[in-house]
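Student: With the hints as extra help, turn the sequences into a complete structure.
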Amino acid sequence: LGLAAWRAPQLFVLAGEGFPGPVWPAAGAYDLVEGASGMADPPPAEAPPEAARVRLAESEGRALLMERGGVLRREVYLGGVDRDTRLNSYSLVKSLVGALVLRAVADGKIDGLETRLRAVLGARAPDVSVGDVLTMSSGLAMSPEPPKTGMASADDHAFSPFGPLARIHAYGIEAVMADLRVDPEMAGEFHYQSANTALLGLMLERVYDMPLPELLSSLIWKPAGAADAWWRRYPAGEGVSAYCCLYARPLDWVRVGRFLLDNGTPGSPFLPEALWRDLLLPDLAPQARRQGVYGDQVRHDVLDRPDAALHGAFAYFSGLDGQTVYFLPAQDAVVVRFGARMQLLHSTLYELFPDG
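Note that the sequence shown covers residues 2 to 357 in my numbering.
Every clue listed holds true.
Using 20 Å as the maximum straight-line C-alpha spacing, the simulated EDC-like pairs for lysine to aspartate or glutamate come out as follows:
#1 Lys223 x Asp32
#2 Lys223 x Asp210
#3 Lys223 x Glu35
#4 Lys110 x Glu274
#5 Lys223 x Asp42
#6 Lys223 x Asp263
#7 Lys110 x Glu215
In case anyone wonders, no lab produced these hints; they're calculated from the structure.
Tutor: In structure tokens, the structure reads:
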């Protein structure tokens with residue numbers, strides 16, 4: 002125990018919190034993301050087609066909703082979940098942080114994606130641009146603790162209770178920022194690192210002089226008409242974990258998806274047209290889309306089965322175990338899926354839209 006406390010004190014911090022589970026209420030401390038008041042929920046929608054329901058059940062799905070043209074068309078809940086259950090977003094919330102970064106550019110809070118992170122967060126921050134961390138191409142690594150010699154990749158897939166992400170998850174990004182460095186062999190290449198989103202969250206708080214839950218509430222959550230949600234706080238640090246763990250109803254993710262797909266409201270766009278396209282409809286080569294592309298904390302793909310009625314480019318938010326928010330501009334549709342295991346990305350849509 003003494004050796005563990007010396008080598009990885011975050012183990013005891015995280016053990017005291019417990020793992021944030023998939024369903025609210027959950028272990029740990031949380032900040033409120035205040036929702037819109039007085040919003041009536043739409044009437045219950047029809048169940049999805051049988052093939053879509055079977056696939057959801059087989060993958061231990063909890064919720065599947067489809068909205069088209071502003072109208073909720075399909076809706077089903079499984080495994081003891083109902084419409085009022087709040088579920089853990091896991092990494093879905095990363096994409097909302099990415100959207101807020103583009104909004105910060107539009108609001109003139111940062112000069113552009115070429116802005117150096119140190120210009121906002123100071124000399125302790127890694128020497129990378131905002132665009133580097135937004136696209137997860139910064140190549141971050143962190144000094145081990147202790148002793149502070151050598152470097153460990155900050156990649157999420159390299160997670161270790163002794164590693165960078167565990168330290169960030171316990172103490173918050175600001176507490177460990179001085180130990181982050183750029184690995185020149187990784188810089189410029191995509192590496193999935195929650196540390197990037199944590200840095201973006203801290204940057205947003207600085208440039209707007211506002212806690213991240215309040216900023217999300219003000220610019221996206223309330224305007225979308227979503228209900229109250231709860232965002233995990235670092236158990237031994239300041240602020241919320243920008244990369245994870247927002248508990249909200251699937252129906253409210255549908256509302257947020259519609260808000261972003263419509264680029265806000267007609268009288269109050271969320272982003273200038275060019276930045277909105279960068280977020281949800283970037284100009285990508287077809288082959289790149291087929292291979293899957295990670296953009297501004299948002300993923301991109303394409304539906305191109307020659308024998309299927311459903312076609313076209315789509316964007317999606319993605320979280321651990323297959324939490325997904327799809328944006329289908331050609332169909333004017335938003336799809337939300339929550340569950341305990343991954344579900345086939347394309348088949349989910351083909352079965353939900355059998356007629357295109």
